[in-house]
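Spelled out, the chains give:
Protein chains: 4
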Amino acid sequence: MDHIDIEVVADPELEDPVFIEGLPGVGHVGKLVAEHLVEEFDGDLVRRVYTTDFPPQVTVDDEGLAELTHAKFHHVAADGQDLLVLTGDHQAASNEGHYSLTSAFLDVAEEFGCERAFALGGVPTGELIEDDEYDVLGALTDGADREAFEEAGVEFREDEPAGGIVGVSGLVLGLGRRRGLPAACLMGETSGYLVDPKSAQAVLEVLQDLLDVEVDFSELEERAEEMEEVVGKIQEMQGGGGGGMPSEDELRYIG
Amino acid sequence: MDHIDIEVVADPELEDPVFIEGLPGVGHVGKLVAEHLVEEFDGDLVRRVYTTDFPPQVTVDDEGLAELTHAKFHHVAADGQDLLVLTGDHQAASNEGHYSLTSAFLDVAEEFGCERAFALGGVPTGELIEDDEYDVLGALTDGADREAFEEAGVEFREDEPAGGIVGVSGLVLGLGRRRGLPAACLMGETSGYLVDPKSAQAVLEVLQDLLDVEVDFSELEERAEEMEEVVGKIQEMQGGGGGGMPSEDELRYIG
Amino acid sequence: MDHIDIEVVADPELEDPVFIEGLPGVGHVGKLVAEHLVEEFDGDLVRRVYTTDFPPQVTVDDEGLAELTHAKFHHVAADGQDLLVLTGDHQAASNEGHYSLTSAFLDVAEEFGCERAFALGGVPTGELIEDDEYDVLGALTDGADREAFEEAGVEFREDEPAGGIVGVSGLVLGLGRRRGLPAACLMGETSGYLVDPKSAQAVLEVLQDLLDVEVDFSELEERAEEMEEVVGKIQEMQGGGGGGMPSEDELRYIG
Amino acid sequence: MDHIDIEVVADPELEDPVFIEGLPGVGHVGKLVAEHLVEEFDGDLVRRVYTTDFPPQVTVDDEGLAELTHAKFHHVAADGQDLLVLTGDHQAASNEGHYSLTSAFLDVAEEFGCERAFALGGVPTGELIEDDEYDVLGALTDGADREAFEEAGVEFREDEPAGGIVGVSGLVLGLGRRRGLPAACLMGETSGYLVDPKSAQAVLEVLQDLLDVEVDFSELEERAEEMEEVVGKIQEMQGGGGGGMPSEDELRYIG
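One line per chain: the protein sequences are G, U, F and D, in this order. To convert, note that position 115 of the first sequence is 115 in my numbering; the numbers rise steadily by one, no gaps. To convert, note that position 91 of the second sequence is 91 in my numbering; the numbers rise steadily by one, no gaps. To convert, note that position 231 of the third sequence is 231 in my numbering; the numbers rise steadily by one, no gaps. To convert, note that position 231 of the fourth sequence is 231 in my numbering; the numbers rise steadily by one, no gaps.
What the hints contain is simulated information worked out from the structure, not anything from laboratory work. Take the hints with a grain of salt, since some may be wrong.
Footprint (simulated), chain D over chain F, 3 or more residues, beta carbon under 8 Å [what the hints assert, rightly or not]:
id: 1; segment: 46 to 60
id: 2; segment: 95 to 103
id: 3; segment: 135 to 143
The beta-carbon is built from N, C-alpha and C at its ideal position, and this holds for glycine as well.
Bound-form chain G, shown alone:
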């Protein structure tokens, strides 16, 4: 297998598609939003991305079928707006892997004609969010229109996020900017300790506004509960060889 191996599952023509990245990270906010979009609009799988920088691991489904771990691109037809949504269970395992993997993701996005990108994630506050006031912070590349983001409720704060943005989300902006791809990172505030559907909803509300689509939120909390259960089981098993869920290390990523 090559270092990165992209499997073409389908090759639909997309109209003005927007690239949306939601890999695991702080509070699993980005992952929740991305998976919610795929399921809510019944997205079609278009690409599988395998890489030797992912853990040497298969997941086993309810039928007992094993499948090599990979990241997925879905085409999501959302209310007339074509989206290309990236989800998965892992970030890369090395610095170099993050760079090469994100480059490959951006290649796919370019191939489908995406001219805008959103990297979704959470930003940890270290304490529980009170009164359901989940702010959404933003960071942009220079091609993006800051005013439109502010109108959609995105906040830009001088010293935040203090440590910059790491992981695939950071590189979607960093490498995207170098390619001339206008990109934005939307980060829902979250305690950082739990899978956080409320933070995901806050991000989704902003995204809804920016993309001019409408999304049903009702299943978001259920989905978060399921995710939490899986995370819990895996933590119980601990001895049992890693898992489909990100490690504590991976949770450090804003993704």
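Once you have looked at the hints, place chains U, F and D on chain G.
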């Protein structure tokens, strides 16, 4: 030396051979089964596989002869059924190494004409198994026949193994599936704390049935008795581990 | 992106330029000096150096604009002396990365015609420096003129620095010597626990003398006063570290 | 710089030379013996071996001159017997690096026409050696003559060293055997906690016998005392960025 270097020791013609992988992992279940097959049927060494992803290490035999660490393929003529059995002392040391090494292993299996593969291992329960009820869990690629496995006593449970299957065993399925090689992982339940010949025997019983061969267990039973003594001593001393026991790291692999 | 990617921002003709390296390290002494030179003489950015050996990270500026982390070369016209000043936020993440990155830095320095190099850093004493007596230690390649350094106040001590010099600063000398580039490392004594503008000033005084330029220290002194306040606060709180302070890991580099 | 870079310093014709490896390891036994041979017989430097798998580090000599860390080959004319002696301050930093570096070392040995190799090291007993009874254990490749070793006082014990031989010494045997180079590892028993000149002397006595040369031991004890002092100083400085001395990790190697 190349990253992976395969030494041809012998090149017999095999008839409908089955590839069996048993590298170190949880409870050393897979390793015990594979080594038992090689010894019981007096297997012939056919390939040595060296890789720079193994530790920089030689083993020293009773004559004082040093030999570079490597994985071994034996041809095992088991009761009329040709087997190609992979054993060794190490998993790879890196994500990338796991992928490239397993690819090399599958190349060898293909070269010998294997059209089925079994990855053997243990699945940790976290507690001692009572009443000698060692279940064997299964995971399959889509080419494999689930019913035949169920008839042989293999269990398929919805959420297990929760963390998927990591290491070479996982990739025999994951990469095997991508190559169109029907593969199955047989995982004996084991506490996860000790080398477990009883779990190995449970796996061997299933395998016997699936391959339609007969294996003498007596040496494995002896080993089991020795181990039980060890377990007893360890329970007395409460200290545990060390020596010939696999490290905690090795125990994380289902292999 | 390639492993190392050098972006040409400007290509001025420099006259007898001197290469000055000031990446993060012990007490951030080298970084403080290099950044002070760039700001005091209003340097022009000439190169950005990206590498997959840096963390997968973007910084976010006060406008919310994200930028891929990189090292920077500035042309500094200091009092009639052309300087090529290297600054940044990271050392490499691997042994191999240190070598390839420093090679790339030296290639840029050669391209601009630098025939002398200074690697700036701190050397940890393990205790607070008393009476503002900040000595500056030196190490040289064989092309450099030791007497001139001693006249400028640089000390050469038989057993120091005991552990040699690690990181990019060390390699500027080690690889520089192999290329025939006369190079010197100037190391300000510093406790090693805090960002140390006073140690930076001591290094700057030596550098001023060696390069025959004059530098205004007033902003550095201000910084020193701020730092002293911080030191005071930290001593009160006993907690230490965090925030803008370098991590323990970064402090291990003499840079 | 390439991954491995070999600098030719001199190219003498050697007669039936024997390759002797003494890199840092348990008790620094191998290093002590190799350095003693070089100094006692006033060896000539013939090769410097640089590699990006060594730490990014320069050593600074008493004149303040910095030199990139490297391993050294000396030609030692010992009492009519030509030796090619390898010394240095580091083992490789990765599995892959150990393999490629040892291959490069063996290439140099072959180039000079060495047809025998000795890897020198210590084997840790975990307790202080009493009554100055320092046994020397051996391990061989199949080309070597075990009887001659036994006559020289080398012991071969069934289960020792239990964990095999790791690091460059192990690979001199493992890779040497694969090249058809008769090689032996001589391991002096040592507590494993300290630089051990007495264990080095025991190894040297065996080597003297096997090579039919005579070596003056008087400086060995002095050297050990000096080394002990240096180790002490470095332990005091701790903060000071690594160093010329091997880390605890490196002391795990039998070398």
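Going down the list of hints, with the structure as the test:
Closer than 8 Å: that is the beta-carbon criterion, and the segment 46 to 60 of chain F has 0 residues meeting it against chain D, so the requirement of 3 is violated. Only residues whose beta carbon comes within less than 8 Å of a beta carbon in chain D count, and the segment 95 to 103 of chain F has 7; three or more means the coverage holds. For the segment 135 to 143 of chain F, the stated coverage by chain D is satisfied: 5 residues place a CB nearer than 8 Å to a CB of that chain, which reaches the threshold of 3.
The structure fails to meet hint 1 from the earlier list, while all remaining hints are met.
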